[in-house]
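Protein chains in written order, with this note's numbering: chain A, 14 to 288; chain B, 279 to 586.
Warning: the hint list may mix true and false statements.
[Claimed, not checked] Label-pair restraints from in silico Cβ distances:
#, chain 1, residue 1, chain 2, residue 2, range
1, B, 326, A, 154, 27 to 37 angstroms
2, B, 371, A, 284, 34 to 44 angstroms
3, A, 110, B, 280, 38 to 48 angstroms
4, B, 576, A, 131, 18 to 28 angstroms
5, B, 325, A, 101, 36 to 46 angstroms
6, A, 55, B, 576, 30 to 40 angstroms
7, B, 352, A, 94, 44 to 54 angstroms
8, A, 254, B, 419, 49 to 59 angstroms
The hints are simulated quantities; they were obtained by calculation from the structure and are not laboratory data.
C-beta: ideal position from N, C-alpha, C; glycine also.
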Amino acid sequence: MIRSLSALFTAAVAALASAAAARSAPPEGTPPPARIAAALTEDVVEIRSDFAGAELVVFGAAEGLEDSDAIVVAVRGPQRDLRVMKKRRVLGIWVNAAPVRFEGAPTFFAVASTAPLEQVASFGALRRNQLGADHVRLSAPETERTETLLGVTGVTVSELGPEIVDYREAVVRARSRLGLFAEDPDGVERLEGGLFIARLALPSGAPTGDYNVDVYLFRDGAPIATRRTGLTVAKAGIERAVFDLAHGQPLAYGLLAVIMAALAGWAAAAVGGRR
Amino acid sequence: MVQIYLPIAEISLNLFVLLGLGLGVGFLSGLFGVGGGFLMTPILIFLGIPPAVAVSTQANQIVASSVSGALAHWRRKTLDVKMGLVLIIGGVFGSVFGVQLFSLLQRLGQIDLVISLCYVLFLGVIGGLMLVESVNAIRRRRKAGGSRSKARRKRGLIDTLPFKTRFPVSGLYMSVIPPLAIGFFVGALAALMGVGGGFVMVPAMIYLLRMPTSVVIGTSLFQILFVTALTTVLQATQNQTVDIVLAAILIIGGVIGAQIGARFVQRVPAEELRAALALLVVSVCLKLAWDLGAPPPDLYELIEARGP
Chain A
14 MIRSLSALFT AAVAALASAA AARSAPPEGT PPPARIAAAL TEDVVEIRSD FAGAELVVFG
74 AAEGLEDSDA IVVAVRGPQR DLRVMKKRRV LGIWVNAAPV RFEGAPTFFA VASTAPLEQV
134 ASFGALRRNQ LGADHVRLSA PETERTETLL GVTGVTVSEL GPEIVDYREA VVRARSRLGL
194 FAEDPDGVER LEGGLFIARL ALPSGAPTGD YNVDVYLFRD GAPIATRRTG LTVAKAGIER
254 AVFDLAHGQP LAYGLLAVIM AALAGWAAAA VGGRR
Chain B
279 MVQIYLPIAE ISLNLFVLLG LGLGVGFLSG LFGVGGGFLM TPILIFLGIP PAVAVSTQAN
339 QIVASSVSGA LAHWRRKTLD VKMGLVLIIG GVFGSVFGVQ LFSLLQRLGQ IDLVISLCYV
399 LFLGVIGGLM LVESVNAIRR RRKAGGSRSK ARRKRGLIDT LPFKTRFPVS GLYMSVIPPL
459 AIGFFVGALA ALMGVGGGFV MVPAMIYLLR MPTSVVIGTS LFQILFVTAL TTVLQATQNQ
519 TVDIVLAAIL IIGGVIGAQI GARFVQRVPA EELRAALALL VVSVCLKLAW DLGAPPPDLY
579 ELIEARGP
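Sequences and hints are given; from them, build the entire structure.
Here it is as structure tokens:
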């Protein structure tokens, strides 16, 4: 473990030299006075039959890190469409009604930082960089239209009015309950010499797919450097084989399930009958 | 604490909880001679398994539990194959219909509600009737062998239907329409609720079709076996919601539990057994009915598009 960590340190410091060759465009940031490098201890998380969640460890180094600076690490999972329904009471029974469709809602969204987010950055910076559960982008295009408000053009207005906030909060609440949305103001630990380590929990219900890991260096409420790296969560081993068969060869899979069940029932009857 | 990740349900659950659940429900099914789907499916949903996966996987599990029973009745010749085939034909159409209806309700976001409503309705009616019947039976027996008067209703509508045929094993000459309709109905229930449907089919066979009690159980198991097998394949091909790992765990627990339960049967008097089953059915029904009306823990519900 220690050897692999020190290897990572070396890798992280080496990566600093080539920080310009970032994997993809960082969300926001001004060109360096400060630079950041980051890597994951594991950039592929495998879901096997004993998978019960995992810990994501992000290592990094920040050049020109000052004591007042803050480091924020955001992990965002694949985006999927989502419907949210509100329960209404009809004849004494709670019935799902009033669906709102969110397009491309993140399935996983965890933020770790060296200090509480509201101390780290201004509201605007948090909103622009989508940091924190209050700022996650959840758009419901079917309920939105753009208007000119108070002389400002292109303002997105929800036809649901303030009610859309309840829907957004419901998404955050439900995902937080499953550990899919999380904020940890102590999740990033500063080490000596501009090095840092971030730990984030990946729950057992984490969706499979490609994740983005963004590391931000905040100074005076604004991001002055960012760095993006990737993470893949994928089923492996038997889990993978079963899932692939179920989706690739559904008929064979269904027949296999029936044959397995029939054999088990027959075997039980044979054993039980003999006794 | 051994967690096992279920590849289709996409959640991680305790292996021993699942094995214990299979064992417990298997024990009850061996004891009472019921499939146990009506208990298992709500518990699976309660554990956090998506309803679609719970219902489809349960159909798969019932294949295992009905095989041994159907085989035993086959050997004892207490099985009306012709009647069973008519019920299966009805069941095939019912199952196809049920799977389509399931997909539709899932798109509308109403599947949980419909599953719960179906459970409350059927468990309430069946459980209530069973309770009344078994309590009366116990009372009659306590009154020292009171006369068992069987006041049979006169046949009406069923006798007027066309397409009559002979069912020699059951000693019936009747239209194929009622068994087709019953088969259809039970097939749709199997797809929608993740149950075998024996709790509906057995009373229907006795009271509507007037089949002799000796062949009722075997014939219903025979139908359930084929209809749940078809439902499993249909759910697997159309919705990809059969979790073979979950099914295997439940089956292992279930077959062992059923053997233990079957050994207990001789020690318990039949009427008390039926009364206990009725109480169980009614309490599951009341729990589900309560959940329908009680204020939900969260007023909003997330319905995810099942991703790749």
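Here's how the hints hold up against the structure:
Distance hint for residue 326 of chain B and residue 154 of chain A: a CB-CB separation of about 30 angstroms, consistent with the stated range 27 to 37 angstroms. The given range of 34 to 44 angstroms is respected by residue 371 of chain B and residue 284 of chain A, whose C-beta atoms sit roughly 36 angstroms from each other. About 41 angstroms separates the C-beta atoms of residue 110 of chain A and residue 280 of chain B, a value consistent with the hinted range of 38 to 48 angstroms. In this structure the hint that residue 576 of chain B and residue 131 of chain A lie 18 to 28 angstroms apart at CB holds, the actual value being about 26 angstroms.
Roughly 27 angstroms separates the CB atoms of residue 325 of chain B and residue 101 of chain A, a value that falls outside the hinted 36 to 46 angstroms. Between residue 55 of chain A and residue 576 of chain B the beta carbons are some 34 angstroms apart, a value that agrees with the proposed interval 30 to 40 angstroms. The hinted window of 44 to 54 angstroms between residue 352 of chain B and residue 94 of chain A holds, with their beta carbons roughly 49 angstroms apart. Distance hint check: the CB atoms of residue 254 of chain A and residue 419 of chain B are about 56 angstroms apart, consistent with the given range 49 to 59 angstroms.
Violated hint for the displayed structure: number 5, the only one.
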